[in-house]
Amino acid sequence: MSPAVAKFLAMGGYAAYVWPAYAAAVAVLGGLLLWSLGAYRRSRRELERLQRESGR
Amino acid sequence: MTRKRRRLIAVLAGLGMLGIATGLVLSAFSDNLVFFYSPTDLKTKPVPPGRRLRIGGLVEQASVQHEADGKTVEFRVTDGKSDVPVVFSGALPDLFREGQGVVVEGRLAAGTLRADTVLAKHDERYMPPEVVDALKKSGHWQEGEAQR
Amino acid sequence: MHRFANPARFMRLSAAIMPWCAALAAVLLGLGLYLALFVAPPDYQQGEDVRIMFIHVPAAWMASFVYALMALASAVAIIWRHPLADIAAQSAAPLGAGFTLLCLVTGSLWGERMWGTWWVWDARLTSVLVLFFLYLGYIALVNAFDEPGRGARAGAILALVGVVNLPIIKFSVDWWNTLHQPASVFRLGGPTIAPSMLWPLLVMALGFMLFFAALLMVRMRTALIAAKVRALRLAEVERHAAAVLTPRQAALP
Chain A
1 MSPAVAKFLA MGGYAAYVWP AYAAAVAVLG GLLLWSLGAY RRSRRELERL
51 QRESGR
Chain B
1 MTRKRRRLIA VLAGLGMLGI ATGLVLSAFS DNLVFFYSPT DLKTKPVPPG
51 RRLRIGGLVE QASVQHEADG KTVEFRVTDG KSDVPVVFSG ALPDLFREGQ
101 GVVVEGRLAA GTLRADTVLA KHDERYMPPE VVDALKKSGH WQEGEAQR
Chain C
1 MHRFANPARF MRLSAAIMPW CAALAAVLLG LGLYLALFVA PPDYQQGEDV
51 RIMFIHVPAA WMASFVYALM ALASAVAIIW RHPLADIAAQ SAAPLGAGFT
101 LLCLVTGSLW GERMWGTWWV WDARLTSVLV LFFLYLGYIA LVNAFDEPGR
151 GARAGAILAL VGVVNLPIIK FSVDWWNTLH QPASVFRLGG PTIAPSMLWP
201 LLVMALGFML FFAALLMVRM RTALIAAKVR ALRLAEVERH AAAVLTPRQA
251 ALP
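Protein chains in written order, with the numbering used here: chain A, 1 to 56; chain B, 1 to 148; chain C, 1 to 253.
Take these hints with a grain of salt, some might be off.
What the hints assert, rightly or not - Once the Cα atoms are required to be at most 25 Å apart in a straight line, the calculated DMTMM-like pairs of lysine to aspartate or glutamate come out as: (1) B:K81 x B:D133; (2) B:K45 x C:D174; (3) B:K136 x B:E124; (4) B:K43 x B:E60; (5) B:K43 x B:E74; (6) B:K81 x B:E124; (7) B:K4 x C:E147; (8) C:K170 x A:E53; (9) A:K7 x C:E48; (10) B:K71 x C:E112; (11) C:K228 x A:E53; (12) B:K43 x C:D174; (13) B:K71 x B:D116; (14) C:K170 x B:D31; (15) A:K7 x C:E112.
Since the hints were made in silico from the structure, they are not lab data.
Starting from the given sequences, assemble the full structure and let the hints guide the process.
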């Protein structure tokens with residue numbers, strides 16, 4: 001690892017606080033995103049299936 | 001339309017009552033909502049010795065003394081009018097320095113607060129070091145704005 | 001107002017707006033991340049730890065904003081019975097709870113080194129924790145009833161009652177001595193934050209806002225589609241029942 005990257009990752013000695021904070025942001029926002037999109041896809045598939053069946 | 005109007009008035013009246021009730025409760029308990037007292041509060045309303053209390057203020061300039069054991073530190077907390085001597089041994093927060101706002105928690109003994117916790121207060125200023133240096137050079141820098 | 005409360009109209013409008021909103025959110029969050037981690041300078045007192053602020057402050061703003069929106073939607077639902085208002089409030093609640101959790105976690109990570117503690121029971125921290133429990137209580141209450149309409153009504157009332165907490169959160173740092181510092185951006189006399197840090201913060205905050213708007217539309221569309229699915233199923237069941245009943249009735253003398 002180059003010294004510049006190591007220095008960046010060290011965050012001036014606050015790596016153990018800064019990186020968990022950004023990880024928490026990714027986890028919370030990413031979790032909400034995946035959860036909401038999953039439910040959206042499932043509901044759309046269900047509606048299409050029902051409309052196809054009732055269309056027959 | 002009249003049912004809607006009635007519901008609108010009910011909601012607004014309910015919120016108004018709730019606001020008034022909350023305001024009354026908060027003002028009645030406001031002494032307990034305060035996180036810390038100032039050194040002047042301490043002088044005007046004496047507390048029984050041995051009771052735990054929190055005092056907030058600025059670390060007085062040139063008052064910090066580190067003891068020989070390397071752990072114990074003595075300093076004075078001031079609000080500009082009065083000050084209280086504090087003794088503490090333990091790890092200090094990163095923001096602790098002279099002129100910084102702090103909240104110390106402990107028991108009074110012979111006029112000195114024996115603290116078991118020292119918390120640093122951060123003020124509302126966020127600035128890069130170069131800007132602070134420039135402000136200091138031009139004389140526009142105000143050290144540690146008065147903490148209430 | 002009624003024009004926008006029309007579910008069919010909402011489905012059409014949101015289908016057009018949502019992709020743009022999502023794309024802009026992705027761009028702003030990416031740019032905000034870059035500005036926060038690489039461009040913004042370290043603080044004169046906090047050093048590199050100040051970078052936590054670029055997550056913490058937008059999350060805190062959104063925590064209060066989403067609650068205000070949820071309470072407004074609840075008021076509209078109670079007073080005007082608009083079909084979309086309950087759906088908007090219920091779709092917003094988990095997002096608001098997420099922002100509040102993120103605000104509490106990042107604040108704790110920041111406080112440990114700067115204040116010297118993960119948590120204190122001062123007026124600001126406590127009132128934000130109360131906000132988190134208001135969100136959880138709302139979600140639990142809405143789902144506690146077998147009949148969705150009653151759950152929505154009970155939740156709307158709780159959301160309105162909880163509004164008193166919002167001014168307490170905002171002004172707690174001015175009204176009482178708290179460990180938490182006063183406002184730096186939305187204050188009389190202008191921001192006390194250097195422009196080189198304010199810009200990354202505002203980009204990030206706008207990114208959070210658009211992320212919320214896009215997800216709110218996704219969740220509201222999900223709820224409307226689910227309602228349609230329920231209606232279709234019900235119609236199916238009724239048709240079956242009719243098909244089963246009619247021949248027998250016809251056979252009766």
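The hints, checked one at a time:
no. : hint            : in the structure
1   : B:K81 x B:D133  : violated, 29 Å
2   : B:K45 x C:D174  : holds, 23 Å
3   : B:K136 x B:E124 : holds, 18 Å
4   : B:K43 x B:E60   : holds, 17 Å
5   : B:K43 x B:E74   : holds, 20 Å
6   : B:K81 x B:E124  : holds, 23 Å
7   : B:K4 x C:E147   : holds, 23 Å
8   : C:K170 x A:E53  : violated, 53 Å
9   : A:K7 x C:E48    : holds, 11 Å
10  : B:K71 x C:E112  : holds, 19 Å
11  : C:K228 x A:E53  : holds, 15 Å
12  : B:K43 x C:D174  : holds, 23 Å
13  : B:K71 x B:D116  : holds, 12 Å
14  : C:K170 x B:D31  : holds, 19 Å
15  : A:K7 x C:E112   : holds, 22 Å
Hints 1 and 8 from the list above are not met by this structure, while the remaining hints are.
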